[in-house]
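Chemist: Place chain W on chain D using the hints.
As you go down the protein sequences, you meet chains D and W in turn.
Position 707, counted from 1, in the first sequence is what this note's numbering calls 707; the numbers after and before it change by one each time, with no gaps.
Position 50, counted from 1, in the second sequence is what this note's numbering calls 50; the numbers after and before it change by one each time, with no gaps.
The set of hints was computed from the structure by calculation and includes no laboratory data.
Hints may contain errors.
[To be verified] In silico contact screen, one side only, chain D against chain W (beta carbon under 8 angstroms); selected entries: (1) Asp76; (2) Ala83; (3) Gly157; (4) Ser171; (5) Lys175; (6) Asp196; (7) Leu223; (8) His659.
Beta carbons are placed, not taken as given, at the ideal position from N, Cα and C, and that holds for glycine.
One letter stands for each residue in the lines below.
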Amino acid sequence: MNAFGLAPLLLIFPVIGVLFNGLVGRKFVEADREIGEKWTGWFGTIMAFSAFAVAVSLFFSLQANGHHAEVVHLFDWINIPSAGFHVPWAMRIDTLSVTMMLVVTGVGSLIHIYAIGYMHGDKDFSRFFAYLNLFLFFMLILVSGSSYLMLFVGWEGVGLCSFLLIGFWFSFVDKNGVWKNANAARKAFVVNRIGDFGIVLAVILTFWAFGSLEFDVVFETALEMFKSKEPLLLFGQEVAFGSVVTAITALFLLGATGKSAQIPLYVWLPDAMAGPTPVSALIHAATMVTSGIYLIVRSNTLFEMARLSVGSELLFGVISTPDLVALVGASTALLAGLIAFTQFDIKGVLAYSTVSQLGFMIAAVGMGAYVAGMFHLMMHAFFKALLFMSAGSVIHGMEHGHHHLHDHDDDDFDPQDMRTMGGLRNRMNITSVVYIIGALALAGIVPLAGFWSKDEILAHASANDGGIFTAVYVMLVIAAISTAFYMGRQLKMVFFGEPRHAAAAHAEESSNLMTYPLIALAALAIVGGLANLPHFAAEHGAEAGGFSYLALEHWLEHSLHAFELTEEHVLHMPHTPIQIQWSVAIISTILAVGSISLAFFVIYKDTSKANSAPDPLQKTPIWWTSVLPLNTLYMDYFIPAFNRMAKWVAISLDWVFWHDFVHNRLVRDMFVTFAAFTSSVLDQKGVDGIVNGVASTTRRLSGFLRQTESGYVRSYALSIFMGAVLLVIYFMFATAG
Amino acid sequence: MESNQFNVILTLLVFFPLIGALLILFLKQMGHESDELVKRVATAVSAIALGIAVIVLFMFDKNIPGLQLVDKGDWIPLWGISYYLGVDGLSILMLLLTGFISLLAIISSWKTITEQVPQYYAFMLLLQAGMTGVFLAQDLFLFYVFWEFTLIPMYFLIGIWGGQQRVYASIKFFLYTMAGSLLMLLGILYIGTTADTFSLTALIAGREAFADVQNWLFLGFAIAFAIKVPVFPFHSWLPDAHTQAPTAGSIVLAGVLLKMGTYGFLRFNIPLFPQAAIKYAPMIAVLAIIGIIYGAIVSFAQTDMKKLVAYSSISHLGFVMLGIFSLNEAGIEGAILQGVNHGLSTGALFFAVGLIYERRHTREMKEFGGIWRAMPLYSVLTLIVVLSSMGLPGLNGFVGEFTILLGSMGSPVLGPVFTAFATTGVILAAVYLLWMFQRVFMGPLDNPKNMILEKISKRELFIMLAFLIFIFWIGIAPSGYFGLMDSTVASLVQSIGLP
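Just chain D, same shape as in the assembly (with noise of 0.2 angstroms):
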């Protein structure tokens, strides 16, 4: 028995939800603001753990029949049966993607219950649970669409979301008369529109090397392409297979640097903090930034044949695609991680922190680590929503606090402005337990979530020989050692010490609605780590006193096909330790625990005087932020170069040269000029040239009518037709005067 046939149940249940709230949502809401806001929440709220449900029995289905994948085809998409294009709406079911699904419908239930206590009294509350919903849908499109055609429908829908929900508060106004979270939805679009160029190009590239666009069927035929050694016929010229697979994964590098914010197009996701918080911690931290993760484990066997490239066939004649993603990955680990010490903003350091984790995962991806790469996607995940979310729960715990106070009178108060906290562990109890667990297993504190799948990607990079590895692993582990410096020093500023503002002084506890969820991830970042725990003896075996070792190896292998194609020595994918890296493990574990301790000790040493000291990292010059200035490259230079551009185009060479001069001077003038001239000519010819003329013209225009009596009807009907138009002509004229 499976349930492979519930499958498009996981998307129809969000779409109901988005239906229920889009339309009526509002006018319960409106109507009692207390029942509609329980009615409208909990609608959504159910319609994600429906979806879950639904994933779940996935699951169940694979493990019953023997994780072998299962497609269900829905309808016809695009069908162009004489350009041989065809691809339908149809959902793969296997390992990896139910891996997602359960990481998005989970974590996507938590975070919706607590939406429903953090965006209690929103005017707009309906309209928020519409959009999570619709986050959903397209979410669940990505990871279980068939083709690469249909993962790109999820791909941009989810982008649509992100856009949607970063300018959630559209009207929002700052000090400067900016329209901040307008621009930052804006900017998230346009620059994740950068990387669906590649995208696209990669799709159609693919279509046209493999004939389709069904992963199956891709993979398939590619790698007998592979096999074969030969080169490929392609755009009527012989290509090395080798360049195609390289083009085709950088391609798909370009669109995952964009939606998993790498390296050069990380700059939106720090902005996108402008949405409300359930949306950081949902959207930018726990699953649509990891889409770009996501499509490189599903691309596994192109890059695993990219990997293998040789000479011309390299990306610009030097790095492979998988070199370059593994580069790409860990320079983003390292800049972010860094970037992260200098914010003061409690959502900032986590934005720049999942910047940096989101380059440890694609660093994983490239590498070739697939496994651990997704085993750091779900723990992080767990932690970093749980992070987000009680990073929310300060928030609100701020701002009552700051409504406690009897003066008013600083309107510039910043709720989320790390400086006027300090000591809220004694105000908000279950938030500070949970932030701190969250802290340290994203620091990568033993035997909490994080530390096991840093530590796998670590493992990796150190296991393997060769420059990009050895390069990879000094700048992950500096990374990790930074992540755990500013996961300290936020700790220290937000929860320890003296309250350095009234507010903090009066903050509150938040609602259960909004604890529980907390509860619960706090609990799956604590064990989350026994999804895939490493073997710890020499002696292999899947299963040794009852437990399963490197679980959720064993279960995504069935999807990774370069697996199976590197013990048939067809690939030769990195080496992968199975066995747990004493070094590793131990000299991570100790630079975690002696950064944090750092932290600690630098920031805020007396803290009674910390709200009038600035903080001692802000007096330094810091020279790591520009070491790659990219957002100010953009937004100071080369945004106001393209728009003084466009206005130079639009106006000097579109208008005033092209439709004024040309158009309406040069050929005009010419024109009247020509006609002056005729005419004249014809003035001199006199009456007589005029008369020989009408008498001619006559003449021709008795032939023309004689062979129009051809006696059909339909020329006759023509002639009406005529007719009829200068009979119109004539009643406009005649009645318009």
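Modeler: Only chain W this time, still in chain D's reference frame:
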């Protein structure tokens, strides 16, 4: 000589709106001064014409690649001119689009047109008749008659019911397109007199007769069509016409009239002069790509919403042209569908802009902001239209654009470099469309004039929803649409004779 055939349905489709136009004017002559009656008659006539087009759709057999439902008879036999109507996969969607857009344009005018009402609706119906004729005519002479005829009602629609500079805009529109058509007329006369027939089917069969001068003939036709599309750099008339035309005029202009240009390339240039088409394809594709990028950049710098949408047409039609001159099945089918998509999306955008113009009598974007707060339903509907125009997957624009890009990469005459440049249009579309959306709908609602905006009316809602049904339908299940044109396009591509 081809035999005459008699099938009245297409003739009915062309002439029914014309009869309606006459009826309206006679009503006025007979003293029925009620504008209300005129509106009802015009709407009913246009709706019935759309109904006839739907009947044609049901009679249409998509498996036949050639012409169907042919109505053919001699007109001026001495010169080989015939009255020849027929429909195939290239035109069936255009017929439906014409009927659909015309009807919605007429309904959209109910409240906005208050002066010289009978004449206005008479011209709208005449326009519908002329455009239908253009898509059905299979005789070059007859085609030319319909082609030029569409200019007349459009000229008056802009010139009488347009904005401040309506006279200037209408004359420019008329002269510019007329001038282009003259070269086509020369071409038509040359072909017709050489071959002693103006029948397109006969001419295609005997196209070897003028193969040696086909480059010149191709260019003659191409310039006429390129001005109509408009292909960069022949676009200078478009912003004037659009900014001055009444809303309904813009809807029809963007929705259908521009498609007459792209249709002309498919109907005449490619089958009549295939060698020239192959030769010029890369050049036209370059112009198309310049149009995609140039239109988008110029669009972005506009401050007037309607002008922004007008320039975006240049960008979108660039995609259509790129698809046509991919000269393969995917490219051409994508182009035909994208023609329909552009009619729906841009028509809806012009309607949305007109809707707010009626309330505020300005289209300057800086006058707006936060409209979402004032008119939430209208804003959501407009957002969907904007997304469709941006090519969001799941909506219609994506299907067309993607298929065109797919075709252009696999094209025997173009290739990946063309596709790569054209795809930048995907980024730029997000830049200018989201800029407009943000500036008008997001941000604070701080202009008091915008706070009291009247909500969207039922009639306006109906029009928007009518557009949206097809925007979603084509986005989610376009196979049926491709199915209508597949066999015709396949045989067209085969006749080009590329490997």
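Chemist: A separate judgement is required for each hint: does it hold in the structure or not?
Modeler: Hint-by-hint comparison with the structure:
1. Asp76: Hint on Asp76 (chain D): holds, closest Cβ of chain W at ~5 angstroms, below 8 angstroms.
2. Ala83: Nearest chain W Cβ about 4 angstroms off; hint holds.
3. Gly157: Because about 6 angstroms separates Gly157 (chain D) from the closest Cβ in chain W, which is inside the 8 angstroms limit, the hint holds.
4. Ser171: holds (5 angstroms)
5. Lys175: Where the cut-off is 8 angstroms and the nearest Cβ of chain W is about 13 angstroms from Lys175 (chain D), the hint is violated.
6. Asp196: holds (7 angstroms)
7. Leu223: violated (22 angstroms)
8. His659: This interface hint holds because 5 angstroms falls under the 8 angstroms limit.
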